[in-house]
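Q: Starting from the two chains in their separate frames, assemble the complex, guided by the hints.
As given, the protein sequences belong to chains A and B, one line each in that order.
First residue of the first sequence: 42, per the working numbering; consecutive thereafter.
First residue of the second sequence: 99, per the working numbering; consecutive thereafter.
If you are wondering where the hints come from, they were derived from the structure by calculation, not from laboratory data.
One should not assume that every hint holds.
[Claimed, not checked] Within a straight-line C-alpha distance of at most 27 angstroms, the following computed DSSO-like cross-link-like pairs (lysine-lysine) qualify:
1. A:Lys123 / B:Lys196
2. B:Lys220 / A:Lys123
3. B:Lys220 / B:Lys196
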Amino acid sequence: MTSRPEMLNRVTPWSGALALEFLTISSDCAVMRLPWRDDLAAFEDAMLLASGAIATLIDQACGMAVMARFDRQVVISTLNLKIDHVRPAATASSVTVEARCYHMTRNIAFVRADVWDTDPGALVAAAQGSFAFRRHPSP
Amino acid sequence: MNKPFPSGDILAHSPFAAFLGVEMDESDGAHLYRLVERERLVGNVQLPALHGGAIAAFLELCCAAELARVAGLHTPPRPISINLQYIASAGPVPTFSKPQVRRIGRRVAVVHGEAWQLGPDKPICAAQCEFRI
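With the rest of the complex left out, here is chain B (with noise of 0.2 angstroms):
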């Protein structure tokens, strides 16, 4: 099945990760997650907003490398359910997350993610997620 990697280090071994476009900055320890601005991800052109897949998209993977992360996995976390709650209407520019892992038990852990624009009290788009781990 899947081959194990370094803890923490989902993004960097996510073809879709690349293709959709998330990265991972690092700084005084917090770990902030990007959705690059990228034309492909947009919705609907006339507005323009992102589309609604790719947040969601974007959302269970941060929550799923932060999982990864603080459980110190070396295998993907599969996903159980994701529930996505959609704010606000999200426009072509870079999205940000910080999601939480709220509790990892033996067998499934739950995390929480909110994505926003503007600032983090703006947020777009609340996800939670429950892994298989």
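One chain only, chain A, in its complex shape (with noise of 0.2 angstroms):
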């Protein structure tokens, strides 16, 4: 992965799969969307967004928020996800998620996301996880 989100769907295929988009980045915060599309949908006639989408969407923003405290390539995997889903998104819709690394140690990032649809104060799902970070070897 690449401290760079123009290039994040080009260098990390699964996210260009489900076209992420990249909304907003800060010091320690990644907010990113999910489009609606019908073959991510959980069911056949549900117009609901597949739960494994949703967490690929918020796993992604949990290490975006991890590299936007970074001014160099860091490589990061997820030690420990937990989420919970709060409510269904809405029919057809698209979700945003707002992820923050709230704090860091040495070697371990931990970040909290938030995921919702249309009202950011209405949440679909909610997660907390922590990651490892080292730095990109040299080349």
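A: This is the structure:
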């Protein structure tokens, strides 16, 4: 992975396959969006985003929130991720995630993430995870 | 809402499962779920390693499918929570799981699943899921 958002979907095929979009990134926070698509539906005739697609959005945004803390490339691996699916997203709706890296030690980053469909105050999912990171090996 | 489907047939009725590439093998009464090797599942092209989100999606899907099969559900179970522990980096090769339904209550069911690639004794990720049924 890379610290440059615009390169994300090129170097991260699974994020590209889901067409994840970058909205904003700040010093410890990443906001990303998963656009609705028929082939991401959980089940036929139910226009609901699959929870696995939302899990990908969360994992990716958490990683980006950790990267936002650095001005150089780091390799990030997820150690643990807990996702609460608070309620189903609205029919055929895209979802947005805001992930914040709220604490970091020498090698471990701690991240929280909120997911909503239309109103940031009405969550679809909430997540918390820990991530290991190391400097990118020199070329 | 969701149309009923034959029990244990979640994967065949999930567009996302097809997109992800999850299959089930039924042999000797055991159910083995497989995440087909696909270039699009990669999260880190340099290692290369599968995306943590793809592994999470695989484990949650096969836990739901196994629950529907064991409990004879005709509508998809809805995930409440999933807790994922990533144990080792996953290469771009097929991934397997044989989830275990730990409890089926009146409203909530608990399912555990581990994913592996080289063998069941070398897990790459473990998931604990609760579903509303």
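Q: Tell me the numbers of any earlier hints that the structure contravenes, in ascending order.
A: none
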